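Given the sequences, and given the hints that come with them, work out the whole structure.
Chains as they are written, first to last, in this note's numbering: chain A, 103 to 294; chain B, 103 to 294.
By construction, these hints were calculated from the structure, which means they are not laboratory data.
Quick caveat, the model's predicted, so the values are computed rather than measured.
Note: identical chains are not told apart, hence a pair may lie in one copy or across any two.
Pairs of lysine to aspartate or glutamate residues, derived as DMTMM-like cross-links and limited to a Cα-Cα distance of at most 20 Å, are as follows:
1) K179 to D138
2) K163 to E196
3) K111 to E228
For reference, the chains in residue letters:
There are 2 protein chains.
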Amino acid sequence: MRTLPFTLKLPFGDRPLEWDNYIVRTLSSMQGQYFDQAAYSSLLAADDQLLYEVYEILVPKVEGELLHGVSIVHPGKVGNEYFMTKGHFHDVLETGEVYYCMRGTGMMVMETPEGDSQVLGMSAGEVLYVPPRWAHRSVNTNATEDLVMFFIYPGNAGHNYGTIEQKGFRKLVVEQDGQPTIIDNPRWQNAS
Amino acid sequence: MRTLPFTLKLPFGDRPLEWDNYIVRTLSSMQGQYFDQAAYSSLLAADDQLLYEVYEILVPKVEGELLHGVSIVHPGKVGNEYFMTKGHFHDVLETGEVYYCMRGTGMMVMETPEGDSQVLGMSAGEVLYVPPRWAHRSVNTNATEDLVMFFIYPGNAGHNYGTIEQKGFRKLVVEQDGQPTIIDNPRWQNAS
Numbered sequence: 103m104r105t106l107p108f109t110l111k112l113p114f115g116d117r118p119l120e121w122d123n124y125i126v127r128t129l130s131s132m133q134g135q136y137f138d139q140a141a142y143s144s145l146l147a148a149d150d151q152l153l154y155e156v157y158e159i160l161v162p163k164v165e166g167e168l169l170h171g172v173s174i175v176h177p178g179k180v181g182n183e184y185f186m187t188k189g190h191f192h193d194v195l196e197t198g199e200v201y202y203c204m205r206g207t208g209m210m211v212m213e214t215p216e217g218d219s220q221v222l223g224m225s226a227g228e229v230l231y232v233p234p235r236w237a238h239r240s241v242n243t244n245a246t247e248d249l250v251m252f253f254i255y256p257g258n259a260g261h262n263y264g265t266i267e268q269k270g271f272r273k274l275v276v277e278q279d280g281q282p283t284i285i286d287n288p289r290w291q292n293a294s
Numbered sequence: 103m104r105t106l107p108f109t110l111k112l113p114f115g116d117r118p119l120e121w122d123n124y125i126v127r128t129l130s131s132m133q134g135q136y137f138d139q140a141a142y143s144s145l146l147a148a149d150d151q152l153l154y155e156v157y158e159i160l161v162p163k164v165e166g167e168l169l170h171g172v173s174i175v176h177p178g179k180v181g182n183e184y185f186m187t188k189g190h191f192h193d194v195l196e197t198g199e200v201y202y203c204m205r206g207t208g209m210m211v212m213e214t215p216e217g218d219s220q221v222l223g224m225s226a227g228e229v230l231y232v233p234p235r236w237a238h239r240s241v242n243t244n245a246t247e248d249l250v251m252f253f254i255y256p257g258n259a260g261h262n263y264g265t266i267e268q269k270g271f272r273k274l275v276v277e278q279d280g281q282p283t284i285i286d287n288p289r290w291q292n293a294s
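Following this line, the structure appears as structure tokens:
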């Protein structure tokens with residue numbers, strides 16, 4: 103746990119060494135998240151491949167501290183739906199998050215508990231702000247390049263995966279005619 | 103005031119256009135901050151030159167939001183002391199700040215109310231973390247290049263310039279034999 107001032111070199115897509123906590127999400131951790139269940143099962147049977155990685159700095163998880171790190175979403179698709187993060191609300195709903203896109207291109211899928219929805223594109227050199235109350239998921243829409251993002255959120259925010267794991271997001275990002283396209287999630291309306 | 107998700111292109115030392123709030127600090131706003139008062143007066147008499155600029159995004163200044171923006175400290179010295187920001191504690195002392203150094207080289211001078219002191223170097227591509235309770239000032243130690251940093255801090259943090267304006271920091275960064283050098287602030291001990 104880091105409690106004194108520190109500096110760290112941000113990794114631009116290379117594997118960082120100095121980071122405190124390393125999280126790996128493979129295909130098997132995304133059960134039920136992809137629209138095309140047949141494509142998902144078929145891919146998983148072939149290989150439980152790496153979808154994304156998160157490198158976190160460990161500072162105290164309390165209000166006033168700022169948790170930060172780097173996420174790397176690899177390129178790929180399940181059916182025609184791009185590789186993406188699980189997505190979550192914050193446990194403390196009234197907390198936001200800042201993303202700085204270091205490499206690649208992608209989209210951030212966001213929605214509020216009240217049903218407001220936004221999907222914003224992002225590319226290297228851009229900042230994206232997720233205000234308090236907005237669930238968020240990063241999607242890598244690039245065919246060949248990693249989506250590498252530096253993220254910062256309040257130390258007390260926490261993660262709430264529950265409702266997203268059950269219902270998904272209202273919007274999906276899929277490839278149509280070779281282009282990233284935002285569509286309504288056909289499975290969302292039927293979720294209980 | 104921005105309350106919905108948004109993206110912005112981060113400016114790499116170019117003058118940004120999209121930002122909501124623009125703060126300029128010239129030499130005259132740094133009265134009493136530089137060790138060499140004669141050099142300060144002489145420089146100021148010649149030209150009230152630009153020391154640094156801050157571009158802020160306006161999100162609500164409440165807990166859970168994340169204020170962010172870009173600061174640009176220009177190269178230069180007052181006597182042998184480098185151009186620097188005013189420096190401050192946060193009003194809500196128990197709030198930290200994340201810096202991402204986008205361009206240039208510099209040092210962050212930090213201290214706590216209890217008298218702990220740290221000065222850390224930083225260069226392009228590095229993250230620097232200022233934990234809660236640490237006052238902080240950015241110093242541009244590069245002879246020719248701007249020090250450009252992306253900063254993020256809690257929406258409710260606020261700025262407290264008072265004690266720093268009165269007493270300065272315990273440490274100064276000055277040029278000695280052509281090198282950035284950390285020295286004790288001779289004027290700090292005598293401050294009331």
